[in-house]
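Fit chain W with the ligands to the known structure of chain U by using the hints.
Respectively, the protein sequence lines represent chains U and W. Just so we're aligned: the first sequence equals residues 1 to 325 in full-length UniProt numbering. Just so we're aligned: the second sequence equals residues 1 to 338 in full-length UniProt numbering.
No wet-lab data here; the hints were simulated from the structure. Where a beta carbon is used, it is the ideal one built from N, C-alpha and C, also for glycine.
Here are the in silico distance ranges between beta carbons for each label pair:
{"id": "1", "chain 1": "W", "residue 1": "G49", "chain 2": "U", "residue 2": "D25", "range": "55 to 61 Å"}
{"id": "2", "chain 1": "U", "residue 1": "T178", "chain 2": "W", "residue 2": "H282", "range": "55 to 61 Å"}
{"id": "3", "chain 1": "W", "residue 1": "G74", "chain 2": "U", "residue 2": "P179", "range": "39 to 45 Å"}
{"id": "4", "chain 1": "U", "residue 1": "G196", "chain 2": "W", "residue 2": "V296", "range": "39 to 45 Å"}
{"id": "5", "chain 1": "U", "residue 1": "E221", "chain 2": "W", "residue 2": "E127", "range": "46 to 52 Å"}
Far from chain U, by Cβ distances over 12 Å, these chain W residues were calculated:
{"id": "6", "residue": "A17"}
{"id": "7", "residue": "D21"}
{"id": "8", "residue": "Q82"}
{"id": "9", "residue": "G122"}
{"id": "10", "residue": "D182"}
{"id": "11", "residue": "P186"}
{"id": "12", "residue": "R198"}
{"id": "13", "residue": "G201"}
{"id": "14", "residue": "A270"}
{"id": "15", "residue": "A273"}
{"id": "16", "residue": "E278"}
{"id": "17", "residue": "R320"}
Here are some chain U residues the structure puts well away from chain W; computed CB gaps all over 10 Å:
{"id": "18", "residue": "T35"}
{"id": "19", "residue": "T184"}
{"id": "20", "residue": "S243"}
{"id": "21", "residue": "Y250"}
Listed here are the chains, written in short residue letters.
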Amino acid sequence: MTPDELLDAYEEMALIRRTEKAAHDLFMAGFVKGTTHLAAGHEAVAVGASAALRPDDYVFATYRGHHHAMARGATPEECLAELMSKATGLCQAKGGSMHLTKASTGMLGSYAIVGAHLPMAAGAAWSAKLRGSGQVAVAFFGDGATNIGAFHEALNLAAVWRLPALFVCENNLYMEYTPIADVTAVPNPAADRAGGYNIPGEVIDGNDVTVVHEAVARAAERARKGDGPTLIEAQTYRHFGHSRSDPAKYRPAEEVERWLKHDPLDVARARLEAAGVPPETIAERDRRVAQVVEAAVAAAKNAPEPDRELAFTDVWADGSATWRT
Amino acid sequence: MAPITMAQALNTALRDALHDDDRVVVFGEDVGALGGVFRVTDGLTDKFGDERCFDTPLAEAGIVGFAVGMAMGGFRPVVEMQFDAFAYPAFEQIVSHVAKLRNRTRGRLSLPLVIRIPYAGGIGGVEHHCDSSEAYYAHTPGLKVVTPATVADAYSLLREAIEDPDPVVFLEPKKLYWSKSDVDTPLRTEPFGRAVVRRAGRDATVVAYGPAVPVALAAAEAAAGEGWDLEVVDLRTIVPFDDETVTASVRRTGRCVVIQEAPGFAGVGAEVAARVQERCFHSLHAPVLRVSGFDVPYPPPMLEHHHLPGVDRVLDALDRLQRDDEPDPRFLALGGAA
Ligand SMILES: Cc1ncc(C[n+]2csc(CCOP(=O)(O)OP(=O)(O)O)c2C)c(N)n1
Ligand SMILES: [Mg+2]
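Chain U extracted, bound-state conformation (with noise of 0.2 Å):
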């Protein structure tokens, strides 16, 4: 990445750990209906992988996805009203927090069942194929989704017709409350299964956006060159618990830590000056994030609650929710 890139990156890494800030203190608050799955301390991944991709590239990712649907072009306002079910939100409020969809950046959803997305992704892929689009489909998932058989499926499929496909594992050590390394047979969950459907795998750390940025680089162009897919397992970790309140008792006091000195905002701003970009610059873009969060937070806050009607709008193509046809 060239010093503006990361600048770029830098900054929507701050725009997402302050939206993620901002919808925790909302549902502390009691403005956000159901649940959240804050993504702060996994910034590099979204951001770093969205900087390696086309505009129209597809992405696929998790209930863990505000960060993804950012990166992809939502703004914050558009997620926390859909988090507190306002009109205006990005789907207004028919998805919530965990289904964060914008499909026309080619954010093709956010998925609250694990594992469920990887075949879509595969199918999208698919399709890219046919078409001769050169355009690759990415899957974002967690640790824990490496043990159900969509994620088995999904990459024998990719695999067995060399699908433009990535997937991308945020390995952040728990599915929920469990250590994934108590349930799972092999270290790495995602990379250690690659090898399974002969296909590259590989460990990176997850909270250096460069190095993120690199492998996906590497990955994509492996795949629009008709090589297939790649396994990515990125390293990160949750600076939130895994849902709602949830205030993380279960992870040791030293390895939460550990993980905050490696805080990926941290890593970023720590190359930014090696490259000699002044701190007054970096300084800047903090305030610009703060004030675009802060107005966001206002909006979602004034914005409208959805018509009963709502309720019955789409469920059939005629926009309906009727028999009928």
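Chain W with the ligands only, in chain U's frame:
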């Protein structure tokens, strides 16, 4: 014109759809080189190449999820599940994503895909080779659920399913695959959402769908000898459901029997009975009765004829319609839904 089988009609429908629309793609286990275990995809790979009709690994969740991604990418996938119960590994994809993505994204993602499932019994299979799984799908808003009973409908409904912008679960009655009829393709029958009166009658309405339709018609012939003039309504599409045709018929006849192969409890027949009762109560001279499979796993081959609703059991129901609102005692003894 030579008669064709339902399997051939389905094959022709796929062939015509592949020919007419480049976006149509057919795939599943053994559908390519072999042509499908029921020969429904016979010759399609030869004719259209292995990009348009191809074999997949054994991975039902993967196959349906893959179809979702293909549909998002602009294609119209038609997937084959080999047998009814083999679709259950894909149930998660079907009910949680196929059915819901349009709603979840406020219509920005549309999934024009068809999941073909050979279903129901009468072929001497056991359990998971003879399941009637329609209620699982019909219960889920966002899925159209279609099941042809005639050769002409097999062709027409499959063409319409492939053209439909919504996802369709297309249930093919296995035991009717080899039923024959003179059908000149291409043809179009009534559209989705229209039930059809297969036999007009005055005394009672028999509502059926899929494999139960020929049973209803045979029962109507037999009942004619006992002085009953039965009207037989074929639902064709369980979703969308045609209240209008069913209601109009029952209001005329004042009596209604619903037939389904599936176990009775919480089945489509129960839904039909409830809807008829809600809409026709003041026209009814007798309770709406169900004739269904028993509430047991699909029985072994030598017992399946007891399980499947046959002409006898429909005639028994007619007797009870006349003057007796006790449920069939035999049915109760076997643990069936009353
Ligand atoms: C099929 C399925 N089973 C269980 C759950 C409940 N659940 C939600 S998140 C989660 C843990 C997933 O962990 P991981 O894949 O590592 O993702 P992370 O939350 O760490 O990002 C579980 C068990 C689910 N959503 N889907
Ligand atoms: Mg995890």
